[in-house]
Amino acid sequence: MNVEAIAKLLGKLSTDPAVEAALVGHGVRRRPRLAVDDSYDPDGLVVQSQDFVSNLSKGIEFGFQDENVFNHLDNVDAGEGPIILTEVYFYGKRPGARPYPFALPFGLSLDDSRSIVREKMAALERTRRSYMRDTWELPAFRVTVSYADGDTRIDFLVCMLRAETSELSDAADASLPSAADMTRLLGKSIDDSAVLETFRPLGLVHHKTSSVSNDRVADLRKRRGIKLRFRRRFSAGQAALLLDQIEYVRPNGFESCGWQGSLPFGIRFDDSPDSVTEKVGLAPRRQADQDFVGEVFWELPEWSMRVKYSTMENFVLSVDLFAAEGESE
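When we follow the numbering used here, the leftmost residue of the sequence shown carries the number 11, and every step to the right adds one.
Heads up, some of the hints might be wrong.
Calculated pairs, DMTMM-like style, for lysine to aspartate or glutamate (alpha carbon to alpha carbon, straight line, at most 20 angstroms) [claimed, not checked]: (1) K232 to D330; (2) K318 to E305; (3) K318 to D299; (4) K289 to E305; (5) K289 to D330; (6) K289 to E309; (7) K103 to D301; (8) K18 to E147; (9) K22 to D61; (10) K130 to D161; (11) K318 to E288; (12) K198 to D229; (13) K68 to D121; (14) K232 to D183; (15) K198 to E309; (16) K318 to D229; (17) K68 to D165; (18) K289 to E312; (19) K103 to D159; (20) K198 to D225; (21) K232 to E77; (22) K318 to D301; (23) K318 to D330; (24) K198 to E312; (25) K198 to D330; (26) K130 to E14; (27) K289 to D191; (28) K103 to D165; (29) K318 to D284; (30) K130 to E147; (31) K68 to E30; (32) K103 to D121; (33) K318 to D280; (34) K103 to D161; (35) K130 to D165; (36) K22 to E77; (37) K18 to E30; (38) K18 to E77.
Derived from the structure by calculation, the hints contain no laboratory data.
With the hints as extra help, turn the sequences into a complete structure.
Structure follows, in structure tokens:
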């Protein structure tokens, strides 16, 4: 399956004749359907918005998702939209799967080492983000290559439709408070004049905070890409709600339009995990990676920072700042 064919398939309905032809051509027998739990609702309650169908004897898997969920549309429920093709996996030698027997896109071979893959993908080098895996951006989709046996061969290659509806900007929105202005507010009262003035452009004054135990949360992620948590603290017998955590989220991640302002240390959401570490310039207190996500945590004299990132697409998912008392759960 070549690049042009993949680009034409991704985003199409599961029932599209071209998608059906691809499934038939690769010997995929099952067709995608969303998982439902009909034990409470006779119409069926969707509990899973994705489905994967495969023929692992030919080393291929197709991922589908509810279109409304994929595009993070407001005021819609999973199951109300059509199902679209969002990703295609090509597998190398691995347990439970035989290697993909046909030509790979980009002229790649399952026997290619990491260095050879990068040579073959050199035309897209400026878009590459690397960490545990390598990711490149194309106009219609992004591609990630994962490696095995000490980066001597390809474990899998996946082509993924992008969910972002707008490009990430290199320049922060100057009308929003800067990261430096906000970090200075950590530990200050929700009634502090500096807090009220700094967060006024975000609509904090008019936003109703929700109660979580003794905390107050201003969840502005959907509209502004930021969430503020104020934690109740006691000092000299007096209780006060102090700014304890600031969370910035990636555009369209976590059903959010994304934070359009600056981030600490000049971090950008399209930075790879290694780029984030380079920008911070300090050894993290801890770092943990999993198959799909990872996080790294720094403890600074006046505040702490946690960065969550994708280990599949090698970009930042969210940045959390914590008051000096420590990291929140």
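Keeping to a limit of 20 angstroms between CA atoms, is the pair of K289 and E312 held or broken?
-> Distance ~18 angstroms between K289 and E312 Cα, so the pair holds.
Are K198 and D229 close enough, with their CA atoms no more than 20 angstroms apart?
-> holds (18 angstroms)
Is K318 close enough to D301, meaning Cα to Cα at most 20 angstroms?
-> Distance of about 13 angstroms is within 20 angstroms: holds.
Agreement of K18 and E147 with the hint, judged by alpha carbon distance not exceeding 20 angstroms | Within the cut-off at roughly 16 angstroms; holds.
Are the Cα atoms of K198 and D330 separated by 20 angstroms or less?
-> holds (17 angstroms)
Pair hint K232 and D330, alpha-carbon separation not exceeding 20 angstroms | holds (16 angstroms)
For the pair supplied as a hint, K103 and D161, is the alpha-carbon distance within the 20 angstroms limit?
-> Holds, at about 13 angstroms.
Pair hint outcome, K198 versus E309 [Cα-Cα no greater than 20 angstroms] | It holds: about 19 angstroms lies between the C-alpha atoms, which stays within 20 angstroms.
Hinted pair K18 and E77, Cα distance within 20 angstroms = Holds: K18 and E77 sit about 16 angstroms apart, inside 20 angstroms.
Do the alpha carbons of K232 and E77 lie within 20 angstroms of each other, as the hint requires?
-> holds (18 angstroms)
Verify the proposed pairing of K22 with E77, using a straight-line Cα cut of 20 angstroms.
-> This hinted pair holds, its Cα atoms lying about 10 angstroms apart.
K103 and D159: Cα distance at most 20 angstroms?
-> Answer holds: K103 to D159 is near 11 angstroms, not above 20 angstroms.
The structure agrees with every numbered hint stated previously.
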